[in-house]
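Peer 1: Let the hints inform the model, and build the full structure from the sequences given.
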Amino acid sequence: MKDKLGQYYPILALTVVVFISVAVLSGMDSFTRDTIQYQKELKIQRMLNQLFPEMSAYDFDESTEIYTITADDTKIGYAFLGVGVGYGGNIDIVVGLENKTTLRGIAVIAHAETPGLGDKILLPDFTDKFVGLDISEVNLTRDGGKVDAITGATISSRAVVDGVRAAAMEKAKLIPD
Amino acid sequence: MAKFWKQFLSGIVITNPLFVLALGLCPALAVSVTVTNGIGMSLATAFVLLGSAIVVSSIKNFVPNIVRIPIFIVVIASFVTIADLTLKAFIPTLADSLGIFLPLIVVNCIIMGRAEAFGSKHPVHLAIADALGAAVGFAIAMIIISFLREVLGTGQLAFKVVPYFDIHLFTLPVLGTSPMALFILPPGAFLLIGLLLALFRRLGVLKSE
Amino acid sequence: MSDLLPIFIRMITTSNIVLVMYLGLCPFFGVSKKLGPAISMGAAVTLVMTIAAIATWVINYYILIPFDVEFMYIVLFILVISSLVQMVEMTIKRTNATLYNALGIYLPLITTNCAILGLTFLNIREEYTIIQSIVNGIGAGVGFAIALIMMSSIREKLELADLPKSMKGLPIAYISAMILALIFVFTFGGVV
Numbered sequence: 000m001k002d003k004l005g006q007y008y009p010i011l012a013l014t015v016v017v018f019i020s021v022a023v024l025s026g027m028d029s030f031t032r033d034t035i036q037y038q039k040e041l042k043i044q045r046m047l048n049q050l051f052p053e054m055s056a057y058d059f060d061e062s063t064e065i066y067t068i069t070a071d072d073t074k075i076g077y078a079f080l081g082v083g084v085g086y087g088g089n090i091d092i093v094v095g096l097e098n099k100t101t102l103r104g105i106a107v108i109a110h111a112e113t114p115g116l117g118d119k120i121l122l123p124d125f126t127d128k129f130v131g132l133d134i135s136e137v138n139l140t141r142d143g144g145k146v147d148a149i150t151g152a153t154i155s156s157r158a159v160v161d162g163v164r165a166a167a168m169e170k171a172k173l174i175p176d
Numbered sequence: 000m001a002k003f004w005k006q007f008l009s010g011i012v013i014t015n016p017l018f019v020l021a022l023g024l025c026p027a028l029a030v031s032v033t034v035t036n037g038i039g040m041s042l043a044t045a046f047v048l049l050g051s052a053i054v055v056s057s058i059k060n061f062v063p064n065i066v067r068i069p070i071f072i073v074v075i076a077s078f079v080t081i082a083d084l085t086l087k088a089f090i091p092t093l094a095d096s097l098g099i100f101l102p103l104i105v106v107n108c109i110i111m112g113r114a115e116a117f118g119s120k121h122p123v124h125l126a127i128a129d130a131l132g133a134a135v136g137f138a139i140a141m142i143i144i145s146f147l148r149e150v151l152g153t154g155q156l157a158f159k160v161v162p163y164f165d166i167h168l169f170t171l172p173v174l175g176t177s178p179m180a181l182f183i184l185p186p187g188a189f190l191l192i193g194l195l196l197a198l199f200r201r202l203g204v205l206k207s208e
Numbered sequence: 000m001s002d003l004l005p006i007f008i009r010m011i012t013t014s015n016i017v018l019v020m021y022l023g024l025c026p027f028f029g030v031s032k033k034l035g036p037a038i039s040m041g042a043a044v045t046l047v048m049t050i051a052a053i054a055t056w057v058i059n060y061y062i063l064i065p066f067d068v069e070f071m072y073i074v075l076f077i078l079v080i081s082s083l084v085q086m087v088e089m090t091i092k093r094t095n096a097t098l099y100n101a102l103g104i105y106l107p108l109i110t111t112n113c114a115i116l117g118l119t120f121l122n123i124r125e126e127y128t129i130i131q132s133i134v135n136g137i138g139a140g141v142g143f144a145i146a147l148i149m150m151s152s153i154r155e156k157l158e159l160a161d162l163p164k165s166m167k168g169l170p171i172a173y174i175s176a177m178i179l180a181l182i183f184v185f186t187f188g189g190v191v
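In order, the protein sequences belong to chains A, B and C.
Taking numbering that gives the first Met the number 0, the leading residue of the first sequence gets 0, the next gets one more, and so forth.
Taking numbering that gives the first Met the number 0, the leading residue of the second sequence gets 0, the next gets one more, and so forth.
Taking numbering that gives the first Met the number 0, the leading residue of the third sequence gets 0, the next gets one more, and so forth.
No lab work stands behind these hints, which were simulated from the structure alone.
Fair warning: there could be bad hints in the mix.
[Stated by the list, open to error] Between beta-carbon pairs, the in silico distance windows are:
(1) ARG45/A to THR128/C: 25 to 33 Å
(2) ASN48/A to ARG124/C: 18 to 26 Å
(3) ILE38/C to LYS172/A: 48 to 56 Å
(4) GLY35/C to HIS124/B: 44 to 52 Å
C-beta: ideal position from N, C-alpha, C; glycine also.
Peer 2: Listed below in structure tokens is the structure:
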């Protein structure tokens, strides 16, 4: 068969292999796509649950990118993503608001800060400081706010604070009164 | 049959991909922060190694030389995609910790090297032996490195596969409270690999004397 | 516009692609023995990275997503990069003989360089725009080049040092990398 097709054989062989690959991978994709989507939703749910343990459901608004959290049909708060620019890159933060002015809390979900120093922003010791704060108070104590910076990790601390404040100020405007 | 075992064992010791050939170091150093990652990466790499070895070795007679490399690339990339999708669906925590290094398995020099050098020239059962040997060699090296890094770097050993549920194995007394975080960072990784490579060279020198 | 400079600087310093992100280690240790080849390799990598960043971005947003075949990204990206490298090599060979002698031979080595493919994956993961992806690519290439140049300067000197036999070559190179990594991770932090 190789000789019959002559010079076209290599291209044909490559095309066949690519076709088989696409077919097999499409199959894999159909098989896993829903599960992957489910896992992503599960991750978001866990993330929101961290801030709102009593949550029973949430709603996502595509245009404002705000999650509205409900517990048994009563609105209990809002959540959205914020980004801080830290020592090693972006820090992804989930910010929870009780209402338009008060913070519920925060959770750091992704970062590239220095282990042992900057990564302390993950700890409750740091994140608890944000609970109940007014948006205007979201600043390091040395900058006039109410959040104490982590000793030896001022840059990481400030990054989180700035990210939270910026996101909160932006999203609070979009929340209906 | 003896050929099979010989090929297998040589892959682990004499031509250990990480310590002797110094191949596949990118993912090895990046991912080996915890033993869970080390094992996860080894399994994914083993899957791709085996899969590609079997396919490449089976189709070698139908593959013309000119398109040899692109075809191998497609085969390897397909297996990597299968591993990527499977982990993202069923063990997302692992997929997240491995990050971009999971799809990067496709350019792991070990795999292309094996397929090119061995799989395409030998019958299927020997290709499997070779792939298994390289996979096990890689796994052993990964586990040693990530064990050292996790224990020295965090003072503890834990397995985190499912969120909020980790099997905590032990915490060392001194290191537990003030671990040497350096080992989790790039400098520590380089230091460790440098020392380990030197160690294996020394052992190699001793053997040949 | 204001976000481009941080991306560029970070790629060179605190997120240096080789010393901090662990990408591109194979060629890093393979080509860093002498300064000359190191500079050529650095230039070649930066060139290929930038082109690859553009090509893969276009493929992702104009082919993969519209046709709902995003799962094919691994296969397509690596094929694109290999073809790109071939084309770049051939073009340089034909148009500029001197450039080819300096760069050309290193190009095939770049195909399996995890840095290139890794960079393209990063662009997708961070959801960068095409301009951000290009800047990211250039930054990564420059970061790679700087690390490579520093490394080769060190290694040229190490060749003359009196080392135990088992440390020679690769092991001591890794220890030197450790020192470079220490500098990059700890000193540059806070610049961006």
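Peer 1: Give me the numbers of the hints this structure contradicts, sorted from smallest to largest.
Peer 2: none
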